[in-house]
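K.L.:
Following the hints, put chain B in place on chain A, whose structure we already have.
There are 2 protein chains.
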Amino acid sequence: MLSKEEVLRILESVIIAGDQASLVSKNLVKEVLPKDGAVNIVIADTGLTADDKESLKGTIRDAINNNTGFEKLDIIFDIIFEETRAADINRVKNVITVMSGKGGVGKSLVSGLLAVALRRKGHEVGILDADIVGPSIPRMFGLSGQLRGFGKAIVPLESKIGIEVVSMNLLLENECDPVIWRGPIISGAIKQFWEDALWGSLDDLIVDLPPGTTDASLTVMQSLPITGVIIVTTPQDLVEMIVKKAVNMVKEMNKPIIGIIENMSYLLLPGTDEKVEIFGRSRVEEVAREIGVPLLGRLPIDPEIARHCDKGTIELYNSEILQALEESLIQAMATNKFE
Amino acid sequence: MLSKEEVLRILESVIIAGDQASLVSKNLVKEVLPKDGAVNIVIADTGLTADDKESLKGTIRDAINNNTGFEKLDIIFDIIFEETRAADINRVKNVITVMSGKGGVGKSLVSGLLAVALRRKGHEVGILDADIVGPSIPRMFGLSGQLRGFGKAIVPLESKIGIEVVSMNLLLENECDPVIWRGPIISGAIKQFWEDALWGSLDDLIVDLPPGTTDASLTVMQSLPITGVIIVTTPQDLVEMIVKKAVNMVKEMNKPIIGIIENMSYLLLPGTDEKVEIFGRSRVEEVAREIGVPLLGRLPIDPEIARHCDKGTIELYNSEILQALEESLIQAMATNKFE
Numbered sequence: 011m012l013s014k015e016e017v018l019r020i021l022e023s024v025i026i027a028g029d030q031a032s033l034v035s036k037n038l039v040k041e042v043l044p045k046d047g048a049v050n051i052v053i054a055d056t057g058l059t060a061d062d063k064e065s066l067k068g069t070i071r072d073a074i075n076n077n078t079g080f081e082k083l084d085i086i087f088d089i090i091f092e093e094t095r096a097a098d099i100n101r102v103k104n105v106i107t108v109m110s111g112k113g114g115v116g117k118s119l120v121s122g123l124l125a126v127a128l129r130r131k132g133h134e135v136g137i138l139d140a141d142i143v144g145p146s147i148p149r150m151f152g153l154s155g156q157l158r159g160f161g162k163a164i165v166p167l168e169s170k171i172g173i174e175v176v177s178m179n180l181l182l183e184n185e186c187d188p189v190i191w192r193g194p195i196i197s198g199a200i201k202q203f204w205e206d207a208l209w210g211s212l213d214d215l216i217v218d219l220p221p222g223t224t225d226a227s228l229t230v231m232q233s234l235p236i237t238g239v240i241i242v243t244t245p246q247d248l249v250e251m252i253v254k255k256a257v258n259m260v261k262e263m264n265k266p267i268i269g270i271i272e273n274m275s276y277l278l279l280p281g282t283d284e285k286v287e288i289f290g291r292s293r294v295e296e297v298a299r300e301i302g303v304p305l306l307g308r309l310p311i312d313p314e315i316a317r318h319c320d321k322g323t324i325e326l327y328n329s330e331i332l333q334a335l336e337e338s339l340i341q342a343m344a345t346n347k348f349e
Numbered sequence: 011m012l013s014k015e016e017v018l019r020i021l022e023s024v025i026i027a028g029d030q031a032s033l034v035s036k037n038l039v040k041e042v043l044p045k046d047g048a049v050n051i052v053i054a055d056t057g058l059t060a061d062d063k064e065s066l067k068g069t070i071r072d073a074i075n076n077n078t079g080f081e082k083l084d085i086i087f088d089i090i091f092e093e094t095r096a097a098d099i100n101r102v103k104n105v106i107t108v109m110s111g112k113g114g115v116g117k118s119l120v121s122g123l124l125a126v127a128l129r130r131k132g133h134e135v136g137i138l139d140a141d142i143v144g145p146s147i148p149r150m151f152g153l154s155g156q157l158r159g160f161g162k163a164i165v166p167l168e169s170k171i172g173i174e175v176v177s178m179n180l181l182l183e184n185e186c187d188p189v190i191w192r193g194p195i196i197s198g199a200i201k202q203f204w205e206d207a208l209w210g211s212l213d214d215l216i217v218d219l220p221p222g223t224t225d226a227s228l229t230v231m232q233s234l235p236i237t238g239v240i241i242v243t244t245p246q247d248l249v250e251m252i253v254k255k256a257v258n259m260v261k262e263m264n265k266p267i268i269g270i271i272e273n274m275s276y277l278l279l280p281g282t283d284e285k286v287e288i289f290g291r292s293r294v295e296e297v298a299r300e301i302g303v304p305l306l307g308r309l310p311i312d313p314e315i316a317r318h319c320d321k322g323t324i325e326l327y328n329s330e331i332l333q334a335l336e337e338s339l340i341q342a343m344a345t346n347k348f349e
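From first to last, the protein sequence lines stand for chains A and B.
Just so you know, the first sequence maps onto residues 11 to 349 in this note's numbering.
Just so you know, the second sequence maps onto residues 11 to 349 in this note's numbering.
Here chain A stands alone, though its shape is the one from the complex:
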């Protein structure tokens, strides 16, 4: 007889897409029931066709046969499919939304860096790119190609260090194709990214919002179980005003703010240690006090970061700044009992 653990270990090798998305990692194995010398395996059916099911059954049988010795070849197992939505088998601990209100302040950069920082700490991390019409995440991580499906569910693409990504740009034939959609369709897409993507078990899902306080932000606030919001700003007064609109929106919707991050705080002059405050003196400490949230960090304009974003190698970026951000984030989440 095969034990439940042995069966699960074998099913870990049944890959449904990419290199690492297996039946087990995506929580698609609902039950393994050893019973009367036989084993019942219950697989989540996220809208699989009859053909899909037959083919999957074959793969599972082969995996089990290949992984068991002669003496076990006589085991009897049944593969049962049970209709399930991805949302019902996903286990996401923290949903962290990165927001600003203003465009171009570096929300996606912060989302990417946070994901990298948390991943380096050993967390299971995903990024839901909620910027449907202007998605930046795939390029930053060097991800291209199209997302695969598992039945009607979407299988996230995995980055080099194992961050799960779902983004509109991974559904387009050409990354420059415009997505000319009105609000309700945008909202529908974001809900699908949450409910129909196979996130599996994650410690942290980072949600990268587009600018503004309209459909995308509203949908994320209303339809996702937000743990907390991280606000991104830059040193310009004009930006501060629009960022405050976002903060006021979050407060009106009674969501907790984890903290604020200032991007483009200063320019690190290439090749030197010199810092130039090109957008004027930072006021972020006052702003953080005013809003009543911790300041998580100040990121410089670092041409090195821009290069990594363009080359898709953000995961290789390493700096004291990132380490400091990582620590303050973990601390803020612990303080707020988000962990």
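Worth double-checking, as some hints may not be accurate.
For identical chains, the list gives no copy identity; a pair is met inside one copy or between any two copies.
[To be verified] The calculated lysine-lysine pairs, modelled on DSBU-like cross-linking and capped at a C-alpha distance of 35 Å, are: (1) 201 with 162; (2) 131 with 162; (3) 67 with 265; (4) 265 with 45; (5) 45 with 261; (6) 170 with 265; (7) 265 with 63; (8) 67 with 40; (9) 265 with 103.
Worth flagging that the hints you see were computed from the coordinates, not collected in a lab.
Predicted, not measured: the structure shown is a model, and the values here were computed from it.
P.N.:
Using the frame of chain A, we list chain B on its own:
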């Protein structure tokens, strides 16, 4: 008898809001008909109440009485109101849309600088701030306070050098109040800014779009008689990709592109003439060629501009860069027979 010209000259002094918005400048005087020794004055009624009309009649009578000699006091004139929508009396020659797809690349800055450049050339210029949830224009021009109404029409606020501005932030009690609206309401607001604002006679109306290719951009493309679109980009590859989405949207919607402007091309090191390409080498010439549109100019990151934007004194900004932009814009518009 008063001539038509004399009556119009007098009505120019009848101010409906602010310092300069008069019955005449807003095209609210529909007709002046001298007839049988009397004068019929037809005023556009944009949803005025009975009280509004009585009070306006009194003001007009006073203005005429104060401006005519004793010998003309016996003239008979009738003030007639005729229901009219602002859209029907506005005369706007060019509707120039500033677009990017990506946030934070400086669309509002470009919109503001273009308006200033055209105004300095002697044009009558307006700015329709179509970024309902993240409006930057009022702050940049140092405009605050609430827009006044004339009946149901909105009277734009005038900047120091006479640029007419309509923006959501001029309708809010507090500029940091968030506008938490879904797409259809956003679209409705933009249409109102176009149809219900008393733009009067303008040479150029600059429409400052929010990031993205969703509701606001769609509504402007579909509901406004666009003369042409100006595309704003920055030197990052990541930005270029999203800007191309905007370009492809404009092409799909068969609107002409006037040209492309690169913002943040390089940093002007404060106090020196040194240029640092902090976001990497510019590719905008290739991009312009690829899209098949003229390159209108490259704007630096100039801490001086950031200061002016924060202080609301963008109209005081003066530089060779702005003059060059002005010339290339006028030239592009002439070449494309937009003028």
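K.L.:
All hints, please: hold or fail.
P.N.:
Hint-by-hint comparison with the structure:
1. Taking CA atoms no more than 35 Å apart as the test, residue 201 paired with residue 162 passes inside one copy only; the shortest distance there is 14 Å, against 39 Å between copies.
2. In this assembly of identical chains, the alpha carbons of residue 131 and residue 162 lie at most 35 Å apart only when taken from the same copy (32 Å versus 59 Å across copies).
3. Within a single copy, residue 67 and residue 265 get their C-alpha atoms no closer than 44 Å, and across copies no closer than 53 Å, so neither meets the 35 Å cut-off.
4. In this assembly of identical chains, residue 265 and residue 45 lie within 35 Å of each other by CA distance neither inside one copy nor across copies; the values are 47 Å within and 68 Å between.
5. Taking the shortest Cα distances, residue 45 and residue 261 never come within 35 Å of each other, neither inside one copy (53 Å) nor across copies (63 Å).
6. For a Cα distance limit of 35 Å, the shortest separation of residue 170 from residue 265 inside one copy, 32 Å, qualifies, whereas the shortest one across copies, 41 Å, does not.
7. Proximity of residue 265 and residue 63 under a CA criterion of 35 Å is satisfied in neither setting, with 41 Å inside one chain copy and 48 Å between copies.
8. Taking the closest pair of Cα atoms, residue 67 and residue 40 come within 35 Å of each other only inside a single copy of the chain (15 Å); across copies the shortest separation is 79 Å, beyond that limit.
9. In this assembly of identical chains, residue 265 and residue 103 lie within 35 Å of each other by CA distance solely inside one copy; the values are 16 Å within and 46 Å between copies.
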